[in-house]
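Protein chains in written order, with my numbering: chain A, 1211 to 1513; chain B, 42 to 314.
Everything labelled a hint here was simulated from the structure, so no lab data went into it.
Think of the CB as a built atom: it goes at the ideal place given N, C-alpha and C, for glycine as much as any other residue.
There's no promise every hint is true.
What the hints assert, rightly or not - Estimated spans, in silico, between C-beta atoms of each pair: (1) A/I1412 <-> B/P237: 35 to 41 Å; (2) A/W1373 <-> B/L232: 51 to 57 Å; (3) A/F1407 <-> B/M212: 34 to 40 Å; (4) B/E95 <-> A/K1404: 53 to 59 Å; (5) A/R1372 <-> B/E278: 22 to 28 Å; (6) B/V126 <-> A/D1281: 41 to 47 Å; (7) A/I1239 <-> B/T61: 50 to 56 Å; (8) B/R50 <-> A/L1492: 56 to 62 Å; (9) A/V1297 <-> B/K306: 33 to 39 Å; (10) A/A1276 <-> B/F58: 54 to 60 Å.
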Amino acid sequence: MTAITERAKRPPFGEQQRFMLTLIAPAAILMLLFQAIPILMGANASFRDWQLNDPKKTWVGFHHYAQVLTDPAFLKVVLPNTFLFMVLSVSCALALGLSIALLLNRKFRGQGLVQTVLLMPLMVAPVVAAIMIRWMFNDQFGIVNVVVEALGFEGQPWLAQRWTAFAVILMTDVWLWTPWFALLLLAGLQSLPKEPFEAAAIDGASRWRVFRYLTLPMLRPVIVVCVVIRAIDAFRTFDIVWTLTGGGPARSTELFSLYAYEHAFLELDFGRGSAAAIVGGLIILVVGLAMYRVLDRVMQVSR
Amino acid sequence: MSAGAVTLRRLAPRALFGVTLAAICFLIAFPALWLILTSLRPASGVYYVHRGLEFTLGNFATVLQDERLVQAFRNSAAIATLATVLSLLVTVSSGYMLSRFKGPIASTWFGTIYAFRCVPYISWVLPLYFVTQSWGIYDTYTGLLLPHIAVHICFFSWLMKGFFDGIDPSMEYAALIDGCTRWGAFFRVALPSAIPAITALAVLCWLFTWNEFLFALILTGERTPLITVVMAQFVHEMGIEWNLMSATAVMAMAPAFLLALFGQKYVIRGLKI
Chain A
1211 MTAITERAKR
1221 PPFGEQQRFM
1231 LTLIAPAAIL
1241 MLLFQAIPIL
1251 MGANASFRDW
1261 QLNDPKKTWV
1271 GFHHYAQVLT
1281 DPAFLKVVLP
1291 NTFLFMVLSV
1301 SCALALGLSI
1311 ALLLNRKFRG
1321 QGLVQTVLLM
1331 PLMVAPVVAA
1341 IMIRWMFNDQ
1351 FGIVNVVVEA
1361 LGFEGQPWLA
1371 QRWTAFAVIL
1381 MTDVWLWTPW
1391 FALLLLAGLQ
1401 SLPKEPFEAA
1411 AIDGASRWRV
1421 FRYLTLPMLR
1431 PVIVVCVVIR
1441 AIDAFRTFDI
1451 VWTLTGGGPA
1461 RSTELFSLYA
1471 YEHAFLELDF
1481 GRGSAAAIVG
1491 GLIILVVGLA
1501 MYRVLDRVMQ
1511 VSR
Chain B
42 MSAGAVTLRR
52 LAPRALFGVT
62 LAAICFLIAF
72 PALWLILTSL
82 RPASGVYYVH
92 RGLEFTLGNF
102 ATVLQDERLV
112 QAFRNSAAIA
122 TLATVLSLLV
132 TVSSGYMLSR
142 FKGPIASTWF
152 GTIYAFRCVP
162 YISWVLPLYF
172 VTQSWGIYDT
182 YTGLLLPHIA
192 VHICFFSWLM
202 KGFFDGIDPS
212 MEYAALIDGC
222 TRWGAFFRVA
232 LPSAIPAITA
242 LAVLCWLFTW
252 NEFLFALILT
262 GERTPLITVV
272 MAQFVHEMGI
282 EWNLMSATAV
292 MAMAPAFLLA
302 LFGQKYVIRG
312 LKI
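Isolated chain A, as found in the complex (with noise of 0.2 Å):
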């Protein structure tokens, strides 16, 4: 697009600035009405004492974020969860997909029904995905324990304990977006040039190292891209949580955004519920540069 860019040296505003910000009004006119205001008002009830059942809105300043700071609840038990699942859920997808990609990488037949079958956790809503998930693992007729208990192990009742709890989540998230690594994944090995692989192939490089020092390396911006991608999300996870277990049992499934909405909602908290939604917009903002850095890097290091 040199050409319309080289000939912009005008005055600002000219007639290709009026045009430019034409094409994006509608869109900023509704970001600022559905988001920026929003947060902004967040922002704003976050210092106030702002009962849904009874807004007195006087300001409290940085009360509610020192008690969502000191909640041993939000420190102890939503952040570790956010935290673990974000990672966890990340790498094992990333893991899963990359895997399905290195194998999808050749022709073969039926691929097509391969790709639909793959196709399909991707346009699932997450809801029905927890609906199901959550009717297989369920602790008295779920298909799961009927398997368990065929195989001579106890039956457990998944979705009332911490961990199996946990875990039934994060395999729900994982089943729901290791199709989408392994699709971009695939897409990006199919796009990588020929030639290193069969100068490989002539060198006679076992597999390992072909994958370890081409395959790879050539891979990282895909890589880097889908990871943060889908961290980002994951830390905002929601439906599946709420579905599955509501944060249960015990609240000890509880991820910050769960947090944030309970305490909003359902104690009527707005002005804590929004410190929290803050305080967790804040992090993910850091963690989110951070990861961003510190992945280039690493990448860069294993070339």
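Put chain B on the given structure of chain A with help from the hints.
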């Protein structure tokens, strides 16, 4: 070495590959298949889905008699369709701008989009509840549509930028030189060549809106129930009637299946960032 051993050695890896592939597909498809199977079982058979061979479509009939559910399906479909049309109108032009121009305006806009994409939904959906209430659009189509469009702007502008990057702009220059206005070049030259990309975006947008949960949970009340929220309520309230629950979930999944079968090309294209 005998000929048999040679063929075996050649066939063994292929068999292994086939078995692995089948296992992966089975694991991925199993939850959905199980749900469909459950939805076809009569109430008496639902607790032992793996035993017995009675099947019925009665669950679907029962579910479709529930007015609230039917209303929820209708609302979800309407919202998803309207949101798709409107957000395409908004994001295509924004993505075009990101792709075709450089300079401070474009980079500021890109930075804004990136920053907003990182904000967790909960941080702006909580106060959005009050915003929509004070503007009098809480629990209405407008109050759901506009935030849905807003949430799509970031991701879809980004996708659309990628699509336009892949389209050679020289045709647009030619049009400009021939005396076409910038708007003319955008509408008559760029848009028609982006139709496959726009279709991909439409499919994704429809699905995302149909599947969306958190917005629907916070921004809707009694008047405009949406299917995801109604289902989640069912799980918590009448969690025992799994045959009906499954039938509902299967119907909510149906559009996804149809799109996976017939719109696959577009979805894959849309996903490849």
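Q. Tell me, which hint numbers fail for this structure?
A. none
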